[in-house]
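Trainee: The task is simple: from the sequences and hints, build the whole structure.
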Amino acid sequence: MWPFSTSSCDQDACAPPSPHAVTAAALLSALPFAAVFIAANAVAVRLVFPKLSRAAQDDARDGDDHVLPAHAPAALRQVHAEHGTKSWRRRGAAWAFGTTVGLAATLGALIMAEIVEAVDPAARNLALRVTVPALLFMLVVLIPWLECRSVVSSAGWSFQRTAKGRLSRVALGLQAVLFGGWLFIFWSMGSVVPRAEILLRSAPPAHHDGRTSPSWNSRGIVGEDLTRACLERIGVVGISLMALLSGFASVSAPWHTFGRGDVRRRPLTEADVNRKQTGLEATSEMLATKRHRLQYLERKMSQEASKRGKTGLVGMVMGSIRGATGEEAEMQTLKMEIVGLEAMEASLSSNLVLMKNQRAASARASTTMGRILLAPSYIFSAYCVYRILATSLTTLRRASSPSASFASSDPINRFLGLLARHWDPKLDQMAWARIISFALSGVILVASANSAIQTFHLFAKWTPGLLRHAQANLALAVGQVAATYVISASLLLRSQLPSEARSAVGGVLRGALTPAFVDGWFEGWFLLGSVVTGVGIFVGGKIGAMGEADWDDYGMEEMGAKRL
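Numbering (the numbering used here), first residue to last: 47 to 610.
Just so you know, these hints were derived from the structure itself, not from any lab. Any given hint could be a false lead.
Stated by the list, open to error - Below, a list of computed lysine-lysine pairs in the BS3-like style, where the Cα atoms sit at most 30 Å apart:
1) Lys381 / Lys346
2) Lys402 / Lys336
3) Lys336 / Lys97
4) Lys381 / Lys336
As the list claims (entries may be wrong) - Restraint ranges, calculated between C-beta atoms of paired labels, are given here:
5) Leu574 / Leu272: 24 to 32 Å
6) Leu439 / Phe304: 15 to 23 Å
7) Tyr342 / Tyr424: 49 to 57 Å
8) Glu331 / Gly236: 45 to 53 Å
9) Leu574 / Ala201: 24 to 32 Å
10) Tyr424 / Ala375: 57 to 65 Å
11) Ser412 / Val581: 32 to 40 Å
12) Gly372 / Phe304: 55 to 63 Å
In this text, a Cβ means the ideal position worked out from N, Cα and C, and glycines have one as well.
Mentor: Below you can see the structure in the form of structure tokens.
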């Protein structure tokens with residue numbers, strides 16, 4: 047008998063095998079899911095992660111917060127960059143990103159296998175018992191912990207060990223406070239699910255004769271409740287996040303297609319872009335030089351402090367009486383200058399991206415083929431406007447008719463729902479229209495990615511810290527959004543499957559997100575994202591119209607000339 051099997055026989059009776067038993071057949075059937083995880087992990091780490099981290103990569107820094115001066119030779123810069131790619135921080139972020147994407151892809155494959163019944167149910171059950179807890183750990187614990195560490199680092203605190211071999215208690219304390227705040231907010235999200243919907247959770251899995259599984263009585267209650275509670279909260283977070291991002295993208299696409307026009311006094315030229323690039327390079331070099339000087343002074347002050355500590359109490363008292371030295375005053379000045387240069391660098395970088403995109407769009411619009419290719423973007427932007435208006439009307443109608451929803455009235459959703467019903471007449475057309483509506487939110491986000499990035503850079507011109515924090519957490523945030531989207535879509539999809547298909551995996555993904563709650567929650571956050579984005583674009587346009595947006599378009603020319 048296979049050693050992992052839990053069935054047992056005696057002289058009187060033979061107990062049926064446990065549904066959670068690990069058998070050789072289940073392991074072999076689960077190998078395709080392991081292959082999906084390995085392939086998705088490899089693609090994410092080797093292809094996607096380098097592109098996502100390239101925007102946040104600082105050539106003057108490596109993974110250990112070492113800074114090169116601006117006049118460092120090319121060979122030293124290359125070694126410095128290679129050392130940065132091998133640092134434990136980048137490797138840890140790459141591993142976390144690849145694992146999250148791999149687990150999300152595996153969960154998607156499991157859901158599809160459940161729908162088409164292509165794999166043995168025992169293998170699906172085994173794979174889900176490994177995939178779901180691991181993905182929950184990545185989304186709730188590990189990735190937020192790494193993101194909190196990155197936020198603290200980008201705010202100016204260092205996690206490098208001191209001369210005594212200790213980590214900064216202030217940095218660790220701030221990271222712990224941020225992580226605790228995340229856990230509190232995450233767990234509080236469960237309060238938005240109505241109590242009546244929580245009672246819809248499925249009962250413990252039972253055998254074919256109606257008896258409750260012994261494994262449920264021994265270990266299932268606490269673990270199952272915790273898993274379902276986390277899945278419900280991730281579902282709520284995922285729906286909220288996708289609705290906000292979809293609202294952001296739905297406003298960005300029409301604004302960049304219809305509303306921008308020619309906002310400059312004269313057409314953009316290559317000289318304008320080169321001047322902006324020169325100013326950005328000059329600012330980056332000055333920033334690297336001041337960081338290098340600050341790091342040198344901090345290391346020198348740390349060594350002097352350790353020497354004073356060896357002289358005893360008298361030396362420490364005399365050092366405190368002496369007051370601040372010239373080097374300490376210089377350090378304070380350097381810190382203030384670095385903050386200003388970081389803000390200037392972020393603003394210049396955002397302006398440069400906007401100028402390059404505007405020039406590329408102008409070049410495409412000047413050709414016949416480019417104008418033809420612009421037709422899909424106009425159609426897509428018109429659909430985004432329609433979606434915003436229809437969702438607004440549906441929200442107003444819900445006050446008198448609680449069953450009203452945008453998913454049931456959208457022509458695209460209804461058409462695709464009819465196709466799904468034509469494929470299987472037993473399917474619920476309205477339920478599939480609701481699922482398609484949520485899937486289209488991801489399509490909107492992907493299709494309007496370029497416009498959304500340009501709008502984000504527009505906001506970053508007024509809040510440079512936003513760009514810095516976003517770049518530092520870009521890869522982890524993308525993996526987190528992708529995984530929460532898969533879980534949310536899986537919860538919605540499983541709620542519409544037949545009962546025999548839902549019971550095939552032992553109720554691992556059953557949640558309390560009913561269609562009425564999902565419709566109202568998604569549409570509310572979608573409108574909130576649209577309104578906030580529209581207000582931000584309007585305020586940003588007013589500030590730019592007052593001349594504040596053009597200070598660096600021509601003011602950096604002198605800096606570039608000095609650098610040359």
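Trainee: Now tell me, hint by hint, if it's right for this structure.
Mentor: Against the structure, the hints come out as follows:
With a C-alpha separation of about 16 Å, the suggested pairing of Lys381 with Lys346 holds against the 30 Å cut-off. With a C-alpha separation of about 29 Å, the suggested pairing of Lys402 with Lys336 holds against the 30 Å cut-off. Note on Lys336 and Lys97: the hinted pairing holds, with a Cα-Cα distance of about 28 Å set against a maximum of 30 Å. Simply put, Lys381 and Lys336 have alpha-carbon atoms about 9 Å apart, close enough for the 30 Å limit, and the pair holds.
The given range of 24 to 32 Å is respected by Leu574 and Leu272, whose C-beta atoms sit roughly 30 Å from each other. The given range of 15 to 23 Å is respected by Leu439 and Phe304, whose C-beta atoms sit roughly 21 Å from each other. Tyr342 and Tyr424 have their C-beta atoms about 55 Å apart, which keeps the hinted 49 to 57 Å range intact. Against the hinted window of 45 to 53 Å, the Cβ-Cβ separation of Glu331 and Gly236 comes to about 50 Å, which satisfies the hint.
For the hinted restraint 24 to 32 Å between Leu574 and Ala201, the CB-CB distance of approximately 27 Å keeps it satisfied. Checking the proposed 57 to 65 Å range against Tyr424 and Ala375 shows it holds: the Cβ atoms sit about 59 Å from each other. At about 33 Å, the CB distance of Ser412 to Val581 agrees with the hint of 32 to 40 Å. For the pair Gly372 and Phe304, the supplied restraint of 55 to 63 Å holds, since their beta-carbon distance comes to about 58 Å.
When each numbered hint is compared with the structure, no violation occurs for any of them.
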